[in-house]
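> Protein sequences, first through last, are from chains A and B. Heads up, the first sequence stops at 112 in my numbering, and the numbers go up one at a time, no gaps. Heads up, the second sequence stops at 113 in my numbering, and the numbers go up one at a time, no gaps.
Take the hints with a grain of salt, since some may be wrong.
What the hints assert, rightly or not - Here are the simulated SDA-like pairs of lysine to any residue, each with C-alpha atoms no more than 25 Å apart in a straight line:
(1) B/K9 x A/F30
(2) A/K42 x B/K101
(3) A/K42 x B/G84
(4) A/K42 x B/T13
(5) A/K42 x B/H10
(6) B/K101 x B/R63
(7) A/K57 x B/D1
(8) B/K57 x A/K57
Keep in mind the hints are simulated off the structure, nothing from the lab.
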Amino acid sequence: ILNVEQSPQSLHVQEGDSTNFTCSFPSSNFYALHWYRWETAKSPEALFVMTLNGDEKKKGRISATLNTKEGYSYLYIKGSQPEDSATYLCASRVGAGNMLTFGGGTRLMVKP
Amino acid sequence: DSGVTQTPKHLITATGQRVTLRCSPRSGDLSVYWYQQSLDQGLQFLIQYYNGEERAKGNILERFSAQQFPDLHSELNLSSLELGDSALYFCASSPSGNNEKLFFGSGTQLSVL
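So here's chain B without its partners, still in its complex pose (with noise of 0.2 Å):
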């Protein structure tokens, strides 16, 4: 167990729609990523936050968007869902956030139906 907390494990949803990914960090971790996997791709990077403020984005859509509160967790809203957004979405976090290794959670899959 990494210690980062991940939900909902599954979310089946239709096209159009829109969800929340929810993660919360190892205790004591300011740094909080979120990753996308696809099956036809490796591990994407979608965005970093460092607490509370964005710290370095990725290749992430504008249909998408994140948030780290106060308390230290982080959301991933995804909204005007497509086919093509089904996949595995990580969120890992670790101390600070420069060359430290991330602790991942379990993902949450997401299929868009």
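Only chain A is shown next, with the shape it has when bound in the complex (with noise of 0.2 Å):
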């Protein structure tokens, strides 16, 4: 069974601050990475998708790393803001087609 984790949970920070949260994978058969943002009462929404290790991608002030041999991915954002307020889900690629296998989140709430 593959599990895909994500660390913390939840994360409170104030405004301006910079966090990062842990997405870990098993690194083998990977095929790609993918990084999703999710508003209350809205639907996920793709930030990146990774497929080689040593991938950073960045839009904005959110960047992510991957690391594929060791199976884990970090997110970064940087100077967060209230709109960054979400819980974003991290999700491996497993087998045929894009069956991805999503973690159970991290919810961040930053306060003004």
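Put the two chains together into one complex, using the hints given.
Encoded structure:
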């Protein structure tokens, strides 16, 4: 059974703080690692898809890194803003097609 | 707006009944995915279709079935419903289904009473 683990489960930070979360996934048969942002009452929205060991992706103040050999990815948010408050999901692709196994998510709350 | 349309948004039904959830993918996307989000679990992959054919299957119950039609819309059929089937069902789409980000619909909230 493939387990994708995310930590921490939740995080409270002050506006302006920088923060990071971890996603752990089995490193064997790795195809791709996805990050999604899920705001309350909305649907998950893709941030990044990473496939190569050492990949780094950036979108505004959010960036991600990937280590496929040891099976982890970090998501960084620089200078958190209240609008960054959301649940951040990672998902690992396994096997045929684009079947993704999602982690439980990290819920971020940014206080003004 | 992701461009993925799911109907209905909410569905309330009784145990033992059968329901159909509908999904229209983004224009041009050939792959459709169904996910289930229960209170005590994360997003669980159910099934993926690509251009009308089943591409990958997850932990989908035998009481559940899905299909993708020639116009690429998809339907998820849930039968002999149980209380535990109450969940948020998401449909997502992607262009071809290989290492691409998914575009999620707004979901169908199913309540089985």
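> So, for every hint listed, does it hold in this structure?
Verification of the hints:
no.: 1; hint: B/K9 x A/F30; verdict: violated, 35 Å
no.: 2; hint: A/K42 x B/K101; verdict: holds, 17 Å
no.: 3; hint: A/K42 x B/G84; verdict: holds, 23 Å
no.: 4; hint: A/K42 x B/T13; verdict: holds, 23 Å
no.: 5; hint: A/K42 x B/H10; verdict: holds, 14 Å
no.: 6; hint: B/K101 x B/R63; verdict: violated, 29 Å
no.: 7; hint: A/K57 x B/D1; verdict: holds, 23 Å
no.: 8; hint: B/K57 x A/K57; verdict: violated, 29 Å
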